[in-house]
Amino acid sequence: MTKEYTCRDCENLITIDVLEGLCVIDKKVNSIDKKACDKFKFAKKCKFCLHYSSIEEFLGKCKNKTLIYPDLSAKDCKDFKLTT
Amino acid sequence: MIQKGTIFDIQGFSVHDGPGCRTTIFLKGCPLNCKWCCNPEGIAPYPEILFYKSKCAINDCDGECIESCPNAAIIGGKKSANINTLKCGKCNGFACVSQCYYDAIKISGINLSAEELMKKIRRDRQYWGAQGGMTLSGGEPLSQIEFTAEILKKCHDAYIHTAIETCGYAPWKSYERILDYTDWIFFDIKHMDSAAHEKETGLPNDLILENAKKIAASGKCRLIFRMPLISGFNDSRDNIIATADFISNAGTKEVNILPFHNLGRSKYSLLGKEYHYKNAPSFKLKDVSEIKKIFQKRSIKCYPGSETPF
Amino acid sequence: MPQETIKKWKERYFKTKSSADMEFPYWYSREWFENDGEINIVRRAKALKRAFTRLTPSIFPNELIVMGKTRNMRGSYPMPWLSGSYFMAAHDQLYKDALDCGKLSADKLTKFGQGGGNVTKSGNNVISIAGKFGLRKEELPMLMEMVKIWKGKSVEDIGHKYEKLVPQYKQKEAIMKSLVCMFDSGYTIPQGREVMNYYYPLQYGIDGMIDFCQKKINEVAGRPDMDRLYFYKSAILSLEGVKTWILNYAEKAELLSDKEKDSERKRLYAETAERLKWLSSNPPRTFHEALQLCWTFHIAVLNEDCISGMSPGRLGQVLYPWWKKDMASGILNKEKTMELLECMRMKFTELDCFASMGVVGGVLSGNTFNNLSIGGLTKDGQSAANELEMFIIESGMTCATPQPTLTILYNEKLPEEFLLKGVQCVKTGAGYPAWVNDQTAMDFLMRNYGPEGMTTQDARAWAIGGCLETSPGAWMPLKLDGKTHWIPGGSAGATSVGVHFISTPKILELVLFNGMDKRTGLEVFKDHDYKLKTYEEVWLAFKDYFSQAVDVLCLCNNVQHDAWRKITPPIINSALKPDCLEKGKDIGQKGSRFNATFNIEVCGGINFVNSLASLKKNVFEEKNFTLEEMKDAMIQSFGHESKEKADFHSKGERVKNAEQRKWIKIHKLCLDAPKYGNDDFYVDSIFKEWEDWFCAMCGNFISLYDKPMYPCQISVSTHGSMGAATMAAPDGRLSWTTFADGSVSAYPGTDKNGPYALFNSATVWDHSASQNSQLNMKIHPSVVKGREGSKKLLEIIKAYLRKGAFHIQFNVVDSETLKDAQKHPEKYRELMVRVAGFTQYWVELGKPIQDEVIARTEYCEIA
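Chains as they are written, first to last, in our numbering: chain A, 1 to 84; chain B, 1001 to 1310; chain C, 2001 to 2863.
Since the hints were derived computationally from the structure, they do not count as laboratory data.
Virtual Cβ for every residue (Gly too), placed ideally from N, Cα, C.
Hints should not be assumed to be uniformly reliable.
Partial chain C-side listing against chain B, Cβ under 10 Å, derived [as the list claims (entries may be wrong)]:
1. R2661
2. L2671
3. N2753
4. G2754
5. K2785
6. E2788
7. L2793
8. I2796
9. K2798
10. R2802
Sequences are here, hints too, so could you generate the full structure?
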């Protein structure tokens, strides 16, 4: 399952820039497009939420109402429910 | 008659020609003809042509420079014009300069009255700060003794700190005349052996050494000796010791040694002159240290290059 | 900090890309549109609050000062509520790039290496925006959605709609297209070129500020001047947003601390969390806390608007009370002080500004112009330099980075030791500190802000905003441990809004061509009635065209800036700027203590003056050629191939065309005409006439805030970009080439009589009549080597400033740079090198000599 995901979808990544990030676990700087390892943990992003529905590849709706985008952080959203 | 001087450069923010920030004025004319000279445009007392061959585009212009020369000193060539320096310099107008649209011809040397020069000195004075002043160099400033004496006196009267850089070859009368108005003297010592001296500079050193002793004895100025270090000419241990002894006996305590460089060599080609030292080696760090020790043994303060306490 | 650590950080920094993301713009826009109908300023405050609370925090290992504008180290974001036209125009290209950039493999990463931190090309799932910012392709569709919903509602669109109502609007369009003027100053970077004021959070803390606003609400609710009510409400909302933002970072720090195994790092994260928690409510207790709070508010302000040149001001004097206390009690020592200051430098350097498209395209070149001022006077007129500022200079040497740049406010009362420390720093080749004249600045401030009640004492609180904008300050009474410390801080909003960069050489060109811009074919000005048979007529025509340009630009930019203050009023910056909190008005409503901040900027002045001198001598006095012949030569660029890009003047670099011989004589006459910078009365008197007239005429134009405007004379990078749109000129300059930089620097290669003559030329006019003047000087290290060299460098600085000049700064270049100078001499035209008993311009030395100068050992340096 984790093979489908990359570092940029992982909770353990601290973003440095649009290309690289720092992994909290292995303390290394990796490409954020690097394939996820076995320590992968889902970041709280709208695309991983039950209430997310896709309009097109990079646009969606929350609860069929509000326009959002898949990588939007849902960290403080009380309605967030992890789908996978 | 208004006294005029012939000058080839005025440099503001000179920082190694005396205390503080200074303006250094370079006068034309020198009795010596040192083969390593880094200011060759200072040797002749009259204004001269500087010819920038690489800028000359003789085949791409109307060649008005050739027609303008009354002495036919300029002739056309394949890639650039050629200037016969023996024929040149004898006119007064240098009409060729304004005829060259490529800026390939320039003049080194302009005539200024003492008052015109003082105007520039007074302007620069605003920017020297408390320590600075005016230095006359060249060429040999005393080769235009009337002009030099007038400038030094005027500056002295205006409480401007004065310094001169001299090769030492001038009548003692000339030095006597200016000592009261000169705060610092940078005095060149090139070689202690007169024959060796004459071979490379064109003149013996007796007068130079005599003048040095007399200036030192007068107690009137701060006397700092300057010694250009020329590899194979004056850097032998014997000569250094002899120089150090001389300085010590004269009763002075300072020497500024200047390791040779050939950074003035482009000027030789501009003047159309041959540069005998173009392939001479630069000085090595450790050699300078050895030389420094010889002076220091005799309690003479030795400043290499720009490492001066002023 | 050990040099190894600094080196590692720099390596990381150089690899890091300028990164944009959609978090802030998304939440700002969503909240805004969800609050349709709300009072505008409150609506904006809600939008700001929501955006701040939603920003993902990133904390990097070993950071002593934390928080950034976004989660990216060099992060920024577009603000479609300000401007979206670029994205509309680039729509198709951006989408194409998004499709293609996923195909490039990770191996191609090194392609981005060119351009430093700029994302110059799309690839690796990242889209390049304007050749600088990288945006993840996944975020592009949302960006375009945002641009769509703000279309017609952005500051740019509304401003544009209403500026068209200015009667001469069509002329303004032509002025912009022909590049007589560079920027729409009203909305592109509407804040900045000003000085921060950190006093309120430092004195009261966030909760204290919120309480204050709440009390004020009680006082003003229901009373006349009701806008105050909404301002205080907005201030509270924004501050709550900042508070939550800080707490989110605290939470992150705690999380990192929990996960961290290394005990030292664990402790560091935990301390950071504690510190942030404290500061989310309270005023700081220590220097470290105070510095962190200043930093937090600095980026909070930067996040609310598109800002370039928000200067930290006299931070060393602001933080001094805490620093002194901590040093006395042992909390701090020299090492810890240096560590914190070096961290601060890193944070400022990481700042990025996503400017709107009038300004990006390399003009800002990523510089954010955070200028830290040191020196100057205290409220009572004593020297304000202190030991902490000595450390600030020191950290500028141990951790040499572009930001913050340093400026010494030179005053006769400053200690020699402090000044020599500044000189030491200049000699490292860092390019800072710059040196400005405290007294000249205060004279200017009194002239300009005196009518608003500024006193001599107030004037002393000034500092540099942006790169070189003299900005008013105020003394604030900081109470710490029972003592009152009067600390300086900014007291006005943005300067350098108004009229941004009129190109004087371009106006002269248009005079000669009767208002027609040959390059674009536009009629910029109506044909003037002058026959141009005399020099005086040229001047009169110039003054006419110049005034017309200023007039219409002033009016249009006023409209744009009005759109800005209505749609996106500054709230966080207003909460910090005296006297907005007292008055209950934001900066846009003249809540600041001083409001006569709009200026008129020009560039190319020296080229313009040189051209006038050439016309006067060649055409009108000596009659060497006619005006028609001059115009022909200009069109032909004196017989050189014209290249449609900014390029440095160098005859050797330009290709002569077949016609060149025809023009060679007239070109020489133009080049040989008297040039500024040589203490030559002929041209310097023209320079004086121009300065006197320009400085005086600015006051005839009225800003949006109903105040007279004033002159500003700096070049930034406009001398390149505006030179690129200007034809060859009577001064001999070739078509489309760069103007002289700064404002009193000579045109490269034309100052032939040394620095003192240049100084004399530069000071023929009254520098206190202008917000600034700018002189850049290059010096070779050998000229100022050693202890004596330092003293002499200080002497020349003092000498120039004592003559009344406003500013000087130095590039002290070394042999590495000289090697580069060999390859690209056109960039080093003014470099002076001390050579054998003579000082020579670098570019006039032959290559063999240049080689020798580079290779020389220290003992081969010449007296």
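Chain B contact restraint on C:K2785 - CB to CB distance below 10 Å: Given a least distance of 6 Å, the restraint on C:K2785 holds.
C:R2661 as chain B interface residue, shortest Cβ-Cβ below 10 Å: The hint holds - C:R2661 has a Cβ within 10 Å of chain B, the shortest such distance being about 6 Å.
Restraint outcome when C:E2788 is required to lie within 10 Å of chain B by C-beta distance: OK, holds: C:E2788 within 10 Å of chain B, min 6 Å.
Agreement of hint C:G2754 with chain B interface, Cβ distance less than 10 Å: Given a least distance of 4 Å, the restraint on C:G2754 holds.
Evaluation of the interface hint that places C:L2793 against chain B, nearest CB under 10 Å: Since chain B brings a Cβ to about 9 Å from C:L2793, closer than 10 Å, the hint holds.
Satisfaction of the C:K2798 interface hint, Cβ to chain B closer than 10 Å: 6 Å, holds
C:I2796 as chain B interface residue, shortest Cβ-Cβ below 10 Å: 6 Å, holds
Restraint satisfaction for C:N2753 [CB to CB of chain B, less than 10 Å]: Check passed: Cβ of C:N2753 comes within 7 Å of chain B, closer than 10 Å.
Hint check: 10 Å Cβ-Cβ cutoff, C:L2671 to chain B: Hint on C:L2671: holds, closest Cβ of chain B at ~8 Å, below 10 Å.
When the least beta-carbon distance from C:R2802 to chain B is tested against 10 Å, hint result: Cβ of C:R2802 sits 8 Å from chain B, so the hint holds.
The structure meets every hint from the earlier list without exception.
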